[in-house]
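Visitor: Residues per chain, in single letters:
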Amino acid sequence: MASDDFFDSKQEMPVLPAKDSIAKIEEAKAPAKEAEAKAPAKAEKKTLKEKEDDNGYPALTAEELAKEFKEHSVAEFFKKNRQMLGLTGKIRTLTTIVHEYVSNSLDACEESGILPEIEVKITELGEEYYEIMVKDNGPGLTKETLGKALGQLLAGTKFHRMMQMRGQQGIGAAGCTMLSLITTGKQIQVISGTAKHTPFMAEMTIDPKKNEPKIIKIEEIKKEFLGLAIKAKFKDVKYQKSEQSPLEYLRRTAIANPHAKIIFTDPFGEKSVFERTSKTIPQRPVEVKPHPKGVTVDELLTMAKATQARKISSFLKSDFDRMGDKAIEEIEKQASFDLNKDPKKMSWEEAEEIIKCFKTMNFIAPSTEGLSPIGEERITASLKGIVEPEFLSVLTRKPTVYKGGFSFQVEAAIAYGGNAGKSSGEKDENTGQEIKRVEVMRFANRVPLLFDAGGCALSKAVQGLDWKRYAIKNLDNAPLTVFVHMLSVHIPYTGAGKQAVSDEEEVMEELRLALMQAARQIMRHIAGKRRQQEKEQKKKLFMKYATEVAIALHELTGKKKDEIEKKLHAIVLKKLKLEEKMEKDLEQKTDEEIAAELEKEAAKEKKQSKKKKPKAGGEEDSE
Amino acid sequence: MVDDVKAKDKEVIKRLEGLGTGIFEQIEKGKEPAIELPVRNLGNIFFDKKSKTIKLGDKTSQRQFLNIAHTRKFMQTALVASEIKKIINQDATTSIRDLYYALKHTIADTNENTFEEQGESDPLIEDIEAGLDLLREELHLAASSKGVIVGDMKIKDGKDTIDLTKMGSGGWGIPSNVEPERIQIKDLSADYVLFIEKDAVWKRFNEDIFWKKNKCIIITGRGQPSRAERRFVQRLNKEFDLPVLALMDADPWGMYIYSVIKQGSISLSYSEEKLATPDTKYIGLTVKDVETFKIPKEVTIKLNQLDVKRLNEMKNYEWFKTKEWQNEFALMKEKAIKLELEALSKKGIRFITETYLPEKMKSKDFLP
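Protein chains in written order, with my numbering: chain A, 20 to 642; chain B, 686 to 1053.
Please keep in mind that the hints were generated in silico from the structure rather than gathered at the bench. What you are looking at is a predicted structure, and each value in this text was computed from that prediction instead of being measured. Keep in mind that the hints are not guaranteed to be accurate.
What the hints assert, rightly or not - Below, computed lysine to aspartate or glutamate pairings styled on DMTMM-like, alpha-carbon distance capped at 20 Å:
(1) 280/A <-> 126/A
(2) 563/A <-> 976/B
(3) 578/A <-> 717/B
(4) 716/B <-> 598/A
(5) 594/A <-> 702/B
(6) 578/A <-> 794/B
(7) 594/A <-> 717/B
(8) 557/A <-> 717/B
(9) 557/A <-> 710/B
(10) 585/A <-> 733/B
(11) 593/A <-> 702/B
(12) 558/A <-> 702/B
(13) 579/A <-> 976/B
(14) 1047/B <-> 976/B
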């Protein structure tokens, strides 16, 4: 089914007349002003400040947060927190929207054991005004689940789960519904087909005041369809061909999700298809209990309120990883309160005390089970298919732990030559070939990170490697695509934008080791290639000179030129064969030896280029 | 004499063919071809105290066809040898530049030339001269020469006889081949030879008819002299027993040129016995002259880094290891100055010919 006629565009109509929409925003602004005027209310809030957690975030519980949402307009919260929601910048906003929809689709497909096929189409409707259509072949939504999934903010269960997840970048699909409403005043269109129900078509939006879905129209359709298709309009966004565009986002998503087929049509009508290179759906990551070293006061309280356990002691033992009787005894000794207390009645101060205890105690490192890497084989297949390099080196490290409390794993791949690297638009003067620049692809839990590269541990690890040791003279101008993937139950993002990973010591070390190992393969490849080139050049050189030598010897000795040449050629070939044999022995060489060899060669090259024209034999006789 | 030349040519051709046969035999046996050649650098020369010239040692090196660094030179050496054979067979003499052009061609199926510049073929000629123990003239090759000479003598060049007292302001241009078979010196009347480094200074001496007034021959090599000028001076010295005096800039370069006239050069060390004139003496300029002749400070030049480096190198050359030269070098380093011949003009245009030279001759204040 072609996406163009998938939705009947005539059916759409604005939820609110444009004027109303403006009025709505004005209205939404009012409570904020009111709030500012209410100084005592602010002072009251200050008492909460004592409850700040380690990271300096106001220690509001999720419940309190949700309550605040309800009190203020959700739309207001939205506008105030655009940055946190990943909605700053016109280009970035568009990519974030695509991310929210596509990661939802991938998650849904994987959960249902379906190989995802996702179609994304962006159409320009006016100046900074676009329509985004995303269609998948996933399990679809029922009429009952539709509203919560697309019309209610924070309805998901994705928060605070100790599990390797793609994760929202802040707003989720419902957030997109909201963003569509506040920028265009329009509803979104949905078509959904599940295995059990007749497919239906719906037009809906969100009630920004109540944070509730508002279904405008819903009707069954006669088309046969399995999956979910969403069409939404957005203003104040911009499509631009760049390294941070939805196209690049989808290309990289396809690389990190080789089991997915992704089709993208950009506003210029250009279609890109990223074919599936693996037919196995990745193993679902397993949710693990939080490790005591990786939990905050706020999280502890949230868990305490949700637990089935009746005593704090049994709560800690049952809800945490690596928590044995001995550990409980230790906490009992240190705590100033009775651990037989009902966990639901645990105070902030008590929770703080427990966290302090955790910090002084030794626990077995968290289990590293439950992480689901892409795997060397699949990364190889997808990079071969999408990047098409000349040579590829892929590495999945063993999982390990950072900060003592979070398991994580690193995957790295370096693609060299061929179509690897990004185009510079310039051509090499000598070869006429396009000059490539390095392309660094960062991923966290299979999600491409396109923004904030500067402060990201993954970029730092790539930049920090001594590439010269691996036959890459200048990383920036190397025909390389470097792939770095970190997966974890808890990615240590540097900020709410979730686009950069902070440089935890253990993470940096794993990244370094992974890149080093991958780079070594590249070095061997380059060294081998250079040897091959040299050998061919050498042969060519000897062969052409052989002819000249034969002519000269013919003049000097009167022997037949052709015979001399033939014999000389035989000697050249014999010599080269001998060298080849020696090279085979060279393959036994260690990396260090190869590196030393390359270095020596580089020094030689430098020397030669410095050397002026061949000097006349005599240093003083100018005759 | 013609028969002598023919016999010599035959011998030369035999040696060139021998070079070719040597390579051919290695190829026949399936061996990697190589040419053995004497090493022509500072590491393989010595100062022969008996002849008082620089001589080539007996170190040799292999030029291998299958060595990336040698292969082009190997090919070129073979080509140069074959071309020389052709030239001799045609009974012609050509310049080394002619030879370069004769051999320069594009190698089949490439965009590479057999030779890119004359600097590539010139040293190979020297290799062949040294390797086959032959003189350049015997190879029917002539280096370009640029020197001029005047004085009281006559030259017989083939059928022409030239009076070197009647050469006007330009002087007689020394031809590249000054071997006795070609050039004969007659009716010489002079007491010494004055070898002047610079052409401009030589012109001053010629204009002032210094040679006539002082009964000498004046010659210049216009900077670094070529073999012809050096060979000619050697003949004047050997055949007529004339002392040779050198007038150079007081700087490391002038002093080195002097040593080339006297002992020979490193690259031509294999034939210095036929080129060097060990009896040469250094008349000036010296750093001491600045004081003796009260030459104003402002016309001296400060020594630069390169000068000092060269000075340090020369200090260690065997032939400069005399007390006088070591003192001179030490003084130059101490004062950190050098002096050009032209600087004497500060004291008057004819100061050099009318005061400086005569006084030096009188005091016999020469360096060995």
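Visitor: So, for every hint listed, does it hold in this structure?
Guide: Comparing the hints with the structure gives:
At roughly 14 Å between alpha-carbon atoms, residue 280/A and residue 126/A fall within 20 Å of each other, so this suggested pair holds. A C-alpha spacing of about 63 Å is found between residue 563/A and residue 976/B, which places the hinted pair above 20 Å, so the restraint is violated. A distance of roughly 18 Å separates the Cα atoms of residue 578/A and residue 717/B; the hinted pair therefore holds under the 20 Å criterion. About 16 Å separates the Cα atoms of residue 716/B and residue 598/A, which keeps this hinted pair within 20 Å; it holds.
A C-alpha spacing of about 27 Å is found between residue 594/A and residue 702/B, which places the hinted pair above 20 Å, so the restraint is violated. For the hint linking residue 578/A to residue 794/B, the alpha-carbon distance of about 24 Å lies beyond 20 Å, and the restraint is violated. Between the alpha carbons of residue 594/A and residue 717/B the distance comes to roughly 8 Å, so the proposed pair stays at or under 20 Å and holds. Under the criterion of a C-alpha separation no larger than 20 Å, the hint pairing residue 557/A with residue 717/B is consistent with the structure, at around 15 Å.
Between residue 557/A and residue 710/B the alpha-carbon distance is near 24 Å, which puts this suggested pair outside the 20 Å criterion. Using a Cα cut-off of 20 Å, the hinted pair residue 585/A and residue 733/B is violated, with the two alpha carbons roughly 47 Å apart. Restraint check for residue 593/A and residue 702/B: the C-alpha separation of about 27 Å exceeds 20 Å, so the hint is violated. Between residue 558/A and residue 702/B the CA atoms are separated by roughly 28 Å; this puts the pair beyond 20 Å, and the hint is violated.
Taking the CA atoms of residue 579/A and residue 976/B, the gap is near 71 Å; set against the 20 Å cutoff, the hint is violated. Simply put, residue 1047/B and residue 976/B have alpha-carbon atoms about 17 Å apart, close enough for the 20 Å limit, and the pair holds.
Hints 2, 5, 6, 9, 10, 11, 12 and 13 from the earlier list are contradicted by this structure; the remaining hints agree with it.
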